[in-house]
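Whole structure, please, built from the sequences with the hints as guidance.
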Amino acid sequence: MTKNLLLGLMEYICQYTNRLWLLLLIVIGFTVACGNDYAKTTPEASVPERLQPLYQEILQIHDEVMPEMNQISKLQNSLSSQLDTLRNQEPVNKEKLKETNRMLGELNRAENAMWSWMHRFAKLDSVPVDDKEKFLRAEKSSANSMKDLMLRSIEDANEYLKANEEPGD
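The opening residue of the sequence shown carries number 60 in our numbering; numbering runs sequentially from there.
These are computed hints drawn from the structure, not numbers from a lab. Backbone N, C-alpha and C define an ideal beta-carbon position, used for all residues, glycine too. Mixed in with the good hints there might be a few duds.
To be verified - Have a look at the derived ranges for each label pair, beta carbon to beta carbon: (1) Q115 / H178: 15 to 23 angstroms; (2) N129 / E224: 57 to 65 angstroms; (3) V188 / D143: 49 to 57 angstroms; (4) Q115 / E149: 54 to 62 angstroms; (5) P107 / N136: 42 to 50 angstroms; (6) N129 / P150: 29 to 37 angstroms.
In structure tokens, the structure reads:
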């Protein structure tokens, strides 16, 4: 009896395993048959040849300022620490607290500008071909504004932190 049960279980496992292999082969077959060509699915591929230089200019702006996101994060941390210190001081320096908060707000705005811009630009694939030039020109203008905001907020925060260093820092 136990032998029959064991044989039945083994037979069931083999049939189940064979079905899994069959399913896996079908999925692989469909994937290969669909010819998932990465080059055809990139945003760059959806941009007409005549607009490629504009597209590349926009990417260059992004690539220039994206590394600055690390600097923004470091400055946000420094200003947040300074805010905590200022809040715990007696007497509270309200002007310094207000200015530190303003600097932190500018950095947050710059960071949000980058994320918002990237989110909008990611929609390039869904823009009809006839509207791509208008879209790209608007995004180039937006990218330049985002770049200016990021660089200005970084510069202002660095200057503020340097001017407000505690002796011995």
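*asked:* I want to verify a distance hint. Is the separation of the beta carbons of N129 and E224 within 57 to 65 angstroms?
replied: violated, 21 angstroms
*When you take the CB atoms of V188 and D143, is the distance between them in 49 to 57 angstroms?*
Cβ of V188 to Cβ of D143: about 52 angstroms, so the range 49 to 57 angstroms holds.
_Verdict for N129, P150 (Cβ pair) under range 29 to 37 angstroms_ = holds, 35 angstroms
*Take a look at whether the Cβ-Cβ distance between Q115 and E149 falls inside 54 to 62 angstroms.*
holds, 56 angstroms
*Evaluate the given range 15 to 23 angstroms for the C-beta pair formed by Q115 and H178.*
Cβ of Q115 to Cβ of H178: about 20 angstroms, so the range 15 to 23 angstroms holds.
_I want to verify a distance hint. Is the separation of the beta carbons of P107 and N136 within 42 to 50 angstroms?_
Given a distance of about 43 angstroms, which is inside 42 to 50 angstroms, the answer is holds.
Of the numbered hints given earlier, the model fails hint 2 alone.
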